[in-house]
Structure formats: structure tokens, C-alpha cells
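Respectively, the protein sequence lines represent chains A and B.
If you read the first sequence in the UniProt record's numbering, its first letter stands for residue 1, the second for the next number, and so on.
If you read the second sequence in the UniProt record's numbering, its first letter stands for residue 1, the second for the next number, and so on.
Treat the hints as calculated values from the structure; they're not laboratory data.
Check the hints yourself; a few may be wrong.
As the list makes no split between identical chains, a pair holds if one copy fits it or if it spans any two.
Straight-line alpha carbon distances no greater than 27 Å define the calculated DSS-like cross-link-like pairs of lysine-lysine that follow [stated by the list, open to error]:
(1) Lys227 <-> Lys55
(2) Lys51 <-> Lys31
(3) Lys155 <-> Lys227
(4) Lys75 <-> Lys31
(5) Lys31 <-> Lys61
(6) Lys55 <-> Lys37
(7) Lys31 <-> Lys227
(8) Lys61 <-> Lys227
(9) Lys31 <-> Lys155
(10) Lys75 <-> Lys51
(11) Lys31 <-> Lys175
(12) Lys61 <-> Lys75
(13) Lys37 <-> Lys75
These figures come from a predicted structure and were not determined experimentally.
2 protein chains.
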Amino acid sequence: MDQVVAENGVQQVELLFAVNDDHGGVIVEMKEPMDSKAFLSLLRASISQWKQQGKNGVWIKLPIGLVNLVETAVKEGFRYHHAEPHYLMLVYWIPEAASTVPANATHRVGVGAIVMNDKREEKSGRLQGKGIWKIPTGVVDEGEDIFAAAVREVKEETNIDTEFVEILAFRQFHKVFFEKSDLSFLCILSPLSFDIQKQELEIEAAQWMPFEEYAAQPITQKHGLFKYISEICLAKVDREYVGFSPLPMTSSFDDQVTYIYLNNHDLNQ
Amino acid sequence: MDQVVAENGVQQVELLFAVNDDHGGVIVEMKEPMDSKAFLSLLRASISQWKQQGKNGVWIKLPIGLVNLVETAVKEGFRYHHAEPHYLMLVYWIPEAASTVPANATHRVGVGAIVMNDKREEKSGRLQGKGIWKIPTGVVDEGEDIFAAAVREVKEETNIDTEFVEILAFRQFHKVFFEKSDLSFLCILSPLSFDIQKQELEIEAAQWMPFEEYAAQPITQKHGLFKYISEICLAKVDREYVGFSPLPMTSSFDDQVTYIYLNNHDLNQ
Numbered sequence: 001m002d003q004v005v006a007e008n009g010v011q012q013v014e015l016l017f018a019v020n021d022d023h024g025g026v027i028v029e030m031k032e033p034m035d036s037k038a039f040l041s042l043l044r045a046s047i048s049q050w051k052q053q054g055k056n057g058v059w060i061k062l063p064i065g066l067v068n069l070v071e072t073a074v075k076e077g078f079r080y081h082h083a084e085p086h087y088l089m090l091v092y093w094i095p096e097a098a099s100t101v102p103a104n105a106t107h108r109v110g111v112g113a114i115v116m117n118d119k120r121e122e123k124s125g126r127l128q129g130k131g132i133w134k135i136p137t138g139v140v141d142e143g144e145d146i147f148a149a150a151v152r153e154v155k156e157e158t159n160i161d162t163e164f165v166e167i168l169a170f171r172q173f174h175k176v177f178f179e180k181s182d183l184s185f186l187c188i189l190s191p192l193s194f195d196i197q198k199q200e201l202e203i204e205a206a207q208w209m210p211f212e213e214y215a216a217q218p219i220t221q222k223h224g225l226f227k228y229i230s231e232i233c234l235a236k237v238d239r240e241y242v243g244f245s246p247l248p249m250t251s252s253f254d255d256q257v258t259y260i261y262l263n264n265h266d267l268n269q
Numbered sequence: 001m002d003q004v005v006a007e008n009g010v011q012q013v014e015l016l017f018a019v020n021d022d023h024g025g026v027i028v029e030m031k032e033p034m035d036s037k038a039f040l041s042l043l044r045a046s047i048s049q050w051k052q053q054g055k056n057g058v059w060i061k062l063p064i065g066l067v068n069l070v071e072t073a074v075k076e077g078f079r080y081h082h083a084e085p086h087y088l089m090l091v092y093w094i095p096e097a098a099s100t101v102p103a104n105a106t107h108r109v110g111v112g113a114i115v116m117n118d119k120r121e122e123k124s125g126r127l128q129g130k131g132i133w134k135i136p137t138g139v140v141d142e143g144e145d146i147f148a149a150a151v152r153e154v155k156e157e158t159n160i161d162t163e164f165v166e167i168l169a170f171r172q173f174h175k176v177f178f179e180k181s182d183l184s185f186l187c188i189l190s191p192l193s194f195d196i197q198k199q200e201l202e203i204e205a206a207q208w209m210p211f212e213e214y215a216a217q218p219i220t221q222k223h224g225l226f227k228y229i230s231e232i233c234l235a236k237v238d239r240e241y242v243g244f245s246p247l248p249m250t251s252s253f254d255d256q257v258t259y260i261y262l263n264n265h266d267l268n269q
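Extracted from the complex, chain A is given alone in its bound form (with noise of 0.2 Å):
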């Protein structure tokens, strides 16, 4: 907590300890256990001033820890932002004009990965009981980057080391868990080790693969996602298929390297 040091008179307030952001607002992290009566009181000065400094929006994020203060921020005016299983992010808009603050998250991402090696043959898993060969999937973590994902993923579930070559699709699709969606991105990998050793209990078993027998099986013949896979896959194959390969950028607003992703192939021709 802030302490303003009473001086000459001036009135001692406590107040909670805030940083600024870059949009006008503050943002409160609270960490210590407190009673909600007295972050009530704390609250409810802080904002007084905050007000006083023309602030705009006003974040609160809380631990699961401090779960008895959620109540106390609500009924002071707070609404809830995002939550992830350890925290609540809450957030209060004091000016009149209409708010400005962020949408929250609405997509998961996640990556296939395709591996070929030189003889066409296709890495995959078979999952357990079912009797399918299946190209490794997985999400795409908090602040990782998709070409990355897909190294990590093929390594985690085979060993292989790969190097990323480019995105070939990608597809949307809504109401994946309750009202979020999924982004999906089929990326292509070239291996840069040969020996498969199978990583994961969900998986029976990997090996290298023909292609032509992967994209044969009864399931890719039938459902539209698995038959675009292997119809892309041929076409990258035989036909010179281009997708979005990334580039580095670097940010004028900071120093994070960001990628685009766009068709080299076609900007260089």
C-alpha cells in the first residue's frame, strides 16, 4: 500500500499500490492476504483519487488466494475481465465516455504438423484403440509463437527435430469449449533427426509413414478436414502448393520480434 507521510497537517490516507498503464488506467496486483473490510476502505480512497487524476480504467487483479475480496470489488462496481486458474483480472471504467478497455480472449490455437522426409513418408502417431495414424496436434501456449508450437509439438510426441518450413491452412471453428473458438493451422515441417521415439501415453505408435497410405485411410476419404489435410498435402507435394511462411518484424512500439506470416513465394516472385 501506498502511504502518503503526513506533513505539515496534511492528512494521512492510505491508499492501494497501483502502477500506471499505457492507456490512462491503473492496474493493482494485489498479493498480501487482507481482510475485506479493509480493502473495502482502501478501495473505495484509492478510487476517490484516482478519479481526482482523471484515470480511466481500473484493473484489480486478484489471486485465488484472495478470493474473499472479490465480492467486495463487484459490489464497488468492478466487472469481471478474464480469468485463468490461479487469478481473476477485474476491471472498473470510471469515466463517462464509453470504455475503451480491450476484448477479452476469444480463440484457442492450435497446430497439426506435418513431417516429411525425403522418401515422401509421413510421420505419425497411431491413437490408442482407435486404429487411426494422425499427424501430432496440440495448442498453441500462452505467448508462444505458432512455428514454434509445431517444433515442440512433433518433438514432444515423436523426438524428431524439425525445422519449420511454412503454414499450409488453417481453419476456424466456433463454440470449441462453451462460447470460445478455435484457430487451427496445418504447418509443414522438414525432420532434421530420423529416429521416432514415441513420447506420449494417448499415443500407440509412431513411425514414418507413406504418404499416400496415410491420406488411403477410410477416415481421410470421408471427413472434410482430413481430406483437405491429405488433398493439400498432395498438392504441396506434387504441385508446388505455396503457403505462408514467417517473417521476423520487428515492433515500432517495442522491442518483441513479431512474425508475419505471408506468401514469400508470390512477394519475392
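Starting from the structure of chain A, add chain B where the hints point.
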């Protein structure tokens, strides 16, 4: 609440009303106000029953008006899963086995829209006070398709009706708000109407402008992203740059029509 009807001396037990999900769990959607003590007793009886039934994940959706029940749920072992302004979703994983609770959403999805008429003029809006002409941009709503969001944003900003052509490139950007990321898709659309009416307050002006003029703005020369945008657009116009276009695909799991985005030109070569 469920009520097991007393019959033949069987004890009457009140339980929370729950529906089964598709993965062996149950979903409780709380709607009516309830005292936290009454909730605790119902929750304990219900969990005991779900354990006996071999259920795995227990989801509880609490509207913000029932914030008084959050602490009770957390103290019984629930963790946060996700939150939106008006509700909090909590989850409790019953089995000893590792949790298969789905990862939370990690990305916000955005669109930037280039609308090109047949005079190679690009439709731009001028940012208020900044003197920069920019393409329409916006956030994809929950449950919205990327191509639909691009058409909507152009309509909202300029009142122009458009037909979606393709995605030219996309960019993944981390820590856009807190730990969450952004995936933004650069789209090209063709106009179905031509009379621009600027719609939104933050836009000072909107007009058709020659693409070369847009691309010649100092910002497009300097910054990585704007430079790529103009290079890709010029490649699209001059050198047959091919992006990803959406193809409808019927899911094998339900009746949802999903879209796969791919290089349709190369696929059909």
C-alpha cells in the same frame, strides 16, 4: 435444483441442477440468487453424487449477480477457468488422473481490410488528429468468422458493401493485453458499392485514394508492418500474389459449417 423424491423411506436429498457435457463431466449454470450457506450444502451433496457417478470435470457458471458464491466454490476446491464481464466460469476436476480440462482462450483475433476498386484506389480512413490514412481494422467478435468480420468492419467504418476475396497475410503479436496475444489477418475485399459515408467518431475522413498515395505515406516507409502491408498489396495488384481464401466445410461432429482458409489457386492448379 434436483430433488430426489422421498419414497419407501429413502432420504430426500436436494442437489444442484446439472446437465451432462460431452466429455464425462457436468455443467451447473446458476441463475437464481442463493444464500452462500445453502449453496455450500447443495454443492457438497452434489459433488458427492457426481463422484459416485464417476463424473470427471464439474463446471459452475456464476453470473456476476451471484458473486457471493464465488468464495464458497473456491474453498471447496474449484479453480477459475475463464471469465467474461457478466459471468465467471469455475471448474473442479474430480478424478485422480490428470485433468483434461481444455486450455483457456489465449488470443484475440483482429482484421485489417483493404478494399480495392478497379481504379487501383484503396479505401482508407484518416485517424483523427494523426494525419495518417489507415485501412479499416477491428476485432473479430466471439463466434464470428474472420471473413464476416472484415466485411462488417468495412461496412461499419465507411458504409461500403464488400465481397471478401482472401487473406493476404497475418501477424501474431504477444502480450497485447496482459499475457494474451493477438492474431490479426490482413484481408482484401472487392467493393459492391462505392459511395463512402464515414461512420465512426474516431475517423476524421474516409475516401478512395490511389494505392500508391497510401503506400507513400511516411509511416508505410518506416514501420515494419505498414511496409509489409504495402508491399503485399502491390504484389497482389501487380504480380498475382495469392493468399488464403475460405472454403466451407461441414464438420463431421455437428452441423456447424466451418471454414478452412487455404491457397485455393495452387490447390486447383
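Hint by hint, where does the structure go against what was stated? Just the numbers, ascending.
1, 7, 8 and 9
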